[in-house]
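Trainee: Since the structure of chain S is already known, use the hints to place chains P, D, R and V on it.
If you read the sequences in order, they're chains S, P, D, R and V. Position in the first sequence (first residue = 1) + 10 = my numbering. Position in the second sequence (first residue = 1) + 4 = my numbering. So in my numbering, spot 375 of the third sequence is number 367, and the numbers just go up one at a time. Position in the fourth sequence (first residue = 1) + 319 = my numbering. Position in the fifth sequence (first residue = 1) + 1 = my numbering.
What you were told as hints is all true, and nothing was included just to trick you.
Covered stretches of chain R, going by a simulated chain S footprint (3 or more residues, C-beta under 8 angstroms):
no., segment
1, 447 to 459
2, 484 to 494
3, 506 to 517
Away from chain D, derived, C-beta distances all over 12 angstroms, residues of chain P:
no., residue
4, Met5
5, Gly34
6, Asp154
7, Ser157
8, Lys162
Think about it this way: if two alpha-carbon atoms lie no more than 25 angstroms apart in a straight line, the pair counts; the simulated BS3-like pairs of lysine-lysine are:
no., chain 1, residue 1, chain 2, residue 2
9, V, Lys327, R, Lys402
10, R, Lys402, V, Lys618
11, V, Lys429, V, Lys147
12, S, Lys141, V, Lys118
13, D, Lys179, P, Lys133
14, R, Lys559, V, Lys728
15, V, Lys606, R, Lys378
16, R, Lys378, V, Lys706
17, V, Lys728, R, Lys556
18, S, Lys148, S, Lys191
19, V, Lys618, V, Lys706
20, P, Lys6, P, Lys133
21, V, Lys446, V, Lys119
22, V, Lys118, V, Lys500
23, R, Lys577, V, Lys214
24, D, Lys43, R, Lys378
25, V, Lys708, R, Lys378
26, V, Lys707, R, Lys378
27, D, Lys180, P, Lys133
28, R, Lys567, V, Lys728
29, V, Lys559, V, Lys212
30, V, Lys570, V, Lys618
31, D, Lys412, D, Lys179
32, V, Lys728, R, Lys572
33, D, Lys310, R, Lys402
34, V, Lys728, R, Lys402
35, V, Lys550, V, Lys529
36, S, Lys162, R, Lys514
37, R, Lys577, V, Lys728
38, V, Lys606, V, Lys618
39, V, Lys330, V, Lys300
40, V, Lys626, R, Lys378
It should be emphasised that the hints constitute simulated quantities derived from the structure, not laboratory data. Ideal Cβ positions, reconstructed from N, Cα and C, are used throughout, including at glycine.
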Amino acid sequence: MPVNRCTWTSRSLLDAFRGSIVTQIARVGKVLVTGIFVASTVIGANAAVADVPNANPPKGTHKGEDVPQPIEFPHDIHAKINEINCMYCHTYARRSKVAGIPPTSKCMGCHSVIATDRDRIKKLTEYWEKKEPPPWKKVHDMPDYVHFTHEKHLQRFVFNNEGMDVTRVSEVCAFCHGDVKEMTVAKKTKPLNMGFCRRCHEANNGPSDCWHCHK
Amino acid sequence: MKKYRIMGLFSNFREAFRVVEDIKGGKVSGLKLDDVSTMSPIEHPEIDEVLGARPSPVPKFTLTGALFGMTFGFLFLASAQATFLVQPQGGKPVIPLPSNIVLTYEMLILFGVLFTLAGFLISARMLTKRPAIYSEKVGIDQIGIVLELDEKSYEPAKALFKSHGVLEIREEVVK
Amino acid sequence: MKDINEDIKWAQINADVLRSMETPRLGYWIAVATCVAMIACAVVAEIYQYKHGMGYGLLNWPHMWDIYIATFIFWIGMSHSGTLLSAILHIIHADWRKPIYRFAEAMTTFSLMTAGLFPIIHIGRLWNMYWVLPYVTDRGIWPNFRSPLVWDAFAISTYLTSSALFLYIGMIPDLAICRDNARGWRKKLYIALSLGWRGDDRQWRNFRRTYLLMACFLIPLAVSVHSIVSSDFAMSIMPGWHVTTFPPYFVAGALYSGCAAIITLFVLLRYFFRFEEYMTIAILEKTCKLTFAIAMAWTYLNLIEFASTWYGHDVASKEVLLQKFYGPYAPFFWMMMFCGSVVPFTLAIRKFRRHIPTMFVVSLLLNLGMWLERWMIVTPTLANAYHPIAWDTMWPGMVQWAIVFGSFGWFGLLFLVFVKIFPSVSMYEVKEMVYHRRGHAGKDTEEVLHRPVEGVRATTGRPGLEGA
Amino acid sequence: MSLQNILNNWDKYRKGHEAGGHHVYEHMWSMVIDLNKCIGCGACSVACYAENNLAVVGKDRFEKGQAMHWLRIERYWDEPNLKPTASDEFQQHGASFLPMMCQQCNAATCEPVCPVAATYHTPDGLNAQVYNRCIGSRYCSNNCPYRLRYFNFYSFYETSWPEPLNLQLNPDLSVRDKGVMEKCTFCVQRIRTAKDTARREGRKVRDGDVQTACQQSCPTTAIVFGDMLDPESRVTKLWKAHEVELGKTAQHKQHPEKRGYRIFEGLNTDPCVMYLERVREV
Amino acid sequence: MSGKEIDRRSFLKVMGWSGAGAATLSGCDLPTTVTIEEGKETVVSYLMPEEYVIPGQGVWYASTCQQCSAACGVHGRVREGRLLKVEGNPSSPIGRGKLCNMGQASLQAHYNPDRLKKPLLRKGAELQEATWEEALKYIEERAGKKSGVQGNRAAWLTGNVSGHQAVLLQAHMDSFGSISHYVHELINTAVSGLANKDVLGEVQPVYHLDKAKAVLSLGADFLGASTSPVHFATQYASFREAPRGVLIQVEPSMSLTGANADLWIPARPGTEGVLAMGIANALIGQHGVSAANLPAGVKQAIDGYGIDRAADITGVPRTQIEAIAKTLKERAPSLVLTGASAEGHAHGYNIAAAALMLNVLLGNVGQTITSSGDPAFPQLAARAGNTRDLFAFAEGADKGAFDVVFMWGTNPVYTAPAFLNFEDKLSKVPVKVAFAMYRDETVAKADVVLPLSSPYESWGTHLAAYNSDEPTVAVQQPLMQPIYPDTKSVGDVLLALLKMREPNTYSAFNDYYAYLRKAFSELPATHKVGGSDDAMWVQSLQRALLAAKGTPKELSAKPVAVDFPAYEKDAAYPMHLAPAARLGMWDGRNANLPWLQEQPDQISKVVWGSWAELHPKTADRLGVKNGDYISVTSAQGSIEVPVYVYRGVHPDVVAVPIGQGHTDYGRYATGRGVNPLKVLSQVTDGKTGELALYATRVKVAKVEKKKPGINELMVRFGGSESQVGRKLVASVTADSFNRTEGA
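Chain S on its own, in the form it takes in the complex (with noise of 0.2 angstroms):
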């Protein structure tokens, strides 16, 4: 069972050094540099950016990978043209740490009826058939040593945040996850990293204990 574990160890020591000292050095140096410039844009573009009452959205991007996915969930069509609120079928983000993939009978109890002829959709039902969900991949990875609570966030953004609006949810859920309207499949288009949480966590006073989100 292939049980994932490396990188920040070594397989060969001359993996581990280009995975890690000469990186990191690098990294070191552009985390300096973007350090700086991004400090510097931070304050001037808090202002301006305001949808979310009461937040300051976190700046980055990142360039992710294409992810294959066993079905090419097309985001655009479920939340854009449809309207549909993340909340519908990410329905643990409100209650737990991860907001979860959909279960396959929340596919299903609309395509059932739905545009069954598409392809993807036909996929989907033989998945429903087999009795076996897809084997959806991650996108938007941690590393398992960072506990990253959805249902925090949403707390403090959305349901205890005075002057928002729930059907605007996808507003908050952009912070971190990108504007997965615009996608298709969903593409990891922020950096994630701790610098970009804690950039946030200190415009929106989160808490900087480092046990929050490390254990």
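Mentor: Chains P, D, R and V in isolation, oriented as in the chain S frame:
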């Protein structure tokens, strides 16, 4: 008017110093003590007695560096500690003086040394091209008396060198 | 007796020193090969440790530190004499330092470079070592400035920078001489390194000031460095470590091992580079006397530490002390006492002092004692600290030994490279020494000064410094 | 990062443990272990292995002293205040068991020595160890008088959980790789869960909401855990009843026969674990 | 605990795994040391989850621990379909929400890497993997309806069995018309059980440690390897509360209970009964305890053992005997218990009876010893194991009395003493069927092996071997889907076997769950919650227990007259062997659990191996120190084992704890340490025929081991065994404690 730089090489240091004394005494008209410099294989403080006190601004650099290091060091540490609030450790304050004093001390020395080096490089006019009159013999055992002069003083100076038993005279046109 | 033959010709000085830097002979390559082989041992061990974890060095709970740290202190200590003594002797105008300070300072720099490797080797995740440095990052985290290990990082990098600069600045006039006598790549190297030195009075004047100021900085710096290293222990809470006498004790130990190392290298250089003219017995004797004085200071501080522990009546500290005396590490402890406090008495005896082979052996023994001292500081405390359930005797594993062994090869290699690229005896200062001696001798000054110098040039009859 | 900040908050930043410390504590988790009830069976220790992803190191590494038991049961054959029995031939008074886990000292000696601040004090009064920040200098372990910090000398995960044992690993906390220090966290993942639940339900954390794995397992209920800032919690009452106070290096008890004590209190580490002395018929 | 325990069955049914078996579980938030792996990890997603199943949050379900026969209730934490942790079930009257180290380690039994994944069939000398069809066909041919095996020619050799599994097992036996059920447990209460029956009229009365103020334990390790360690430990906690009870322990080598005793006394092995007599003498003679309620024969027997004589025989000083008597008298009510080290002698029954006599004399019966009543469901009651059955089975097998044997829940090849020659005798049974979770020494000898799913994957019901005064039926429900799909629960295996024999009756049940559900629905209406069958079932699962209060009864108090043989020295074998059982390794069944192997032994702190405990005097005489090897030789054989020297062992005793020395028990147990059971002498209890565990005489000699390998090294935790004056464990006097905390 042409400007020259000439250097007389002496193996006898005393004799070389006498050349300088002679110039000081006005033996060569138009030559001032300020026009005289030396190139020597060793550091010998008594040359100051001959050439007169000339300024060396290195200690000023040092003082600046040390003060900068001290202030910057402490402020850097304190402000880093003040923004790094997961710092409460072992019941120690967020800005602990004992450790900051130690580190400030190190920063004082580090910057003191670096500024001293910079001061040396600047005030000793290091990193400049060697003059053409430079002789590798000043790296061995001969002292060179270097004179900046114009055509007028050129010949008398040479004569003065010779009168003190110069071994070799090197010259270059400055301008 | 004179420290040095004052009638030596200056050109001869240049010639002798430059000769030592010439294209190496077979023996040199054998030495290099040996050092490389030693380093190879360490590299293999380190790769193994890197891949599989610190456990194969047989480090354990509670022996989280062992001979890595002991060797780290050893090398830090060895780095002290060179620069510190050179600086002190420079300030007090003890000009017998002049023929020997260059290699001593080089030793400082190289042992610091060796010492600096050990904290890196010894940490569990060395690929994250740079986290100790205070760099600005958007993660908003800093190193912990409270930790003596961070003090170490600051102190060592300051010390390494400063002592390397001290060594380098002191070498500039000599590099200019090399420049004048070199060809090929060496020429380019020395042109770059000599920074346009021409020896004019402005340069000498500022040089003198700079060198003096650096020396003034280096004395407190060197003292602070080893007291900060001692803080790794003294700032802790552990019995046997939490000792107020540690800073002076460490400084004394550092000077001690440094002096011993100077004697070792003195003997080697004198023998292999035929520096008998410069590294004279007289200077050796002076060094030995100094070493003896420091050895006695060290012995005293050692005894006072035991006495204060004994008298202080802290149960845990006393337990550690008794374990040093009688426990499983006792043979090493007593060997350290023998090497550190008894062997130096040979230095007090003129006959031995003047006997070079004896001095070579003695200097090695002294350094063995000093290495053991560091081991005996680190390990017995960990073996017998407050909590008796964690009492344990641990012997270092092969991985640790190999890396410690290799560190000597690394130091040796750096030094071997140094002696072939840089003049290991300060030419201009030996000249100054001769010049001043004669200047002060009075009677024959006139004659000497007026005597025409024969046309000896460094390059005459000799190929000079070849560079491919 | 401004001079203003430093000057304005100077007093706050200069507040040490003696002056109450920098934190305004949200909780002060602490523990009471009753040695009168502890039978030394080791259920707590195994529970800790199960809860906290502790590696089983195997015999050879155990022999080298590289075991990872965050909670260890120490067994002594003597007691300092117990005179040897009349007949010294037998161990007539049995053994003295002592469960030792991280004492979560409020003036922990391990914290200030970490070069990268991987261990620090949280607003919960806990001594935190951040694994992903740790570089493995091991200084903390050296400076812990209780020797309660354990180092990952190897990548234990390579050998400790052959399939399918790895399915048991608790996803609420990390599996530690080689080169990092680890130690008892007072089951911080359980504290976090309890706090989250309380928050979700819009209430404060109640006494008993958080049970550490060792406490939950202990067959004789020798371990009590709770929040010292909650005046109604069992630990607060026990500390009061036994006249032990936090923040002291020596307790001046009105009733010296009260059983509470802290180990190595005189070292001024201010541990949050109070032990209750064993009781013996003499 | 969240109250979300509901019908696990429906949960498992609807929970769609993205495949079957362990391989795909890797995706579900397994903590690893991985950093970011964008797009490589599979996310767990459900097909159609229940409302309460939320990814990222654990749910607790109740079940029953199966690591020993105590049947403690557990709560298992399940997250993303994985069982992560078990804790005690607070509703369980046995564990009261607590769990011992073995219970905690049950997770590793469940996830053990050495579990059997497929049925095994013997092909020549080797056991080879086969399909269930092949395995069942093999059994059907040899033990099915048409095989012709009838009556007692079919035998069952099991460990403790109770609940509906026992019912099915009985049905299976009935289908053959066989009564050949041999229940083997090494750690048992057969000797004291018989004595209890004779004296008190009940095999397993209820002990009230919490009510006793003084406990005299003659070798009863009730905190350690006993019938219900967690239960007794919870009672011990209240026993130790102020006003605090006194515990006096008499045993040859220190047990966990002995380590916690106020007074630990090593009596000469086998003389504990005499000590009881001496105490009785002191009670009658010095404290005026009335002996009126003792039968004349008993009184006479007591008179035969004056205090001095008792002191002489036992080696316990007279003053101590008197002090014990004084304590027992002054601190009423008291309780006298016996355990393996006292009962494991040729006259073990007599010792147990003498202890009961003390209880009667002290008036403890009815006070600290009460009746457990007649069981509510006698057909579910535990068939308690013993060693006598093993002898009987071996004899039968040797004579060729069996055509087929079904083995399960016991490992006799490991636990049988060498003199029994069990392996050879077992091999004479032509068809050996074993059901097991792992390959062990017995399984290796079987002809067909059916892989069992773990207790946390199985349905079942259990009645504890020792019931508190609140007897319950413990319900065992699966906490997760089987890791290996080709394993079956015991109940399912029994059903499959029954279907071969009685297809008409049992084919109605698809699986064991169906059987169990039916069984519960047939419970009398009094058990139904609000008269609803479903509510009762849901509640049974939520609490994982079903009250089973029996009919109350009174205990009788008729001590039997016993005598003790004179203590004899054996010149050739001067020492006694004490094969102590420990909480952890138990009878050796837990040796394959790494957590327990790595947990230092409570007394010696040895890990991952065997050791022999010696008194310093004996060690001096032999010239051995900690870690040196000795040979322990009995008439039956010899073992070599490293030494641990301490003062908690009688100078004439060498104690070698059992549990190690496995030859074929997975990667963690095999080849580790020695098995002292193999050198036991052929001594049995005169009355019950039980193997006398502590009756073996041995001689001990030093063995030189040059450079022992890691396997031979004795590895012990801890540097110093002394506190060297530091205040780590301190103590106060009981007086002071009772004063300050008594009120």
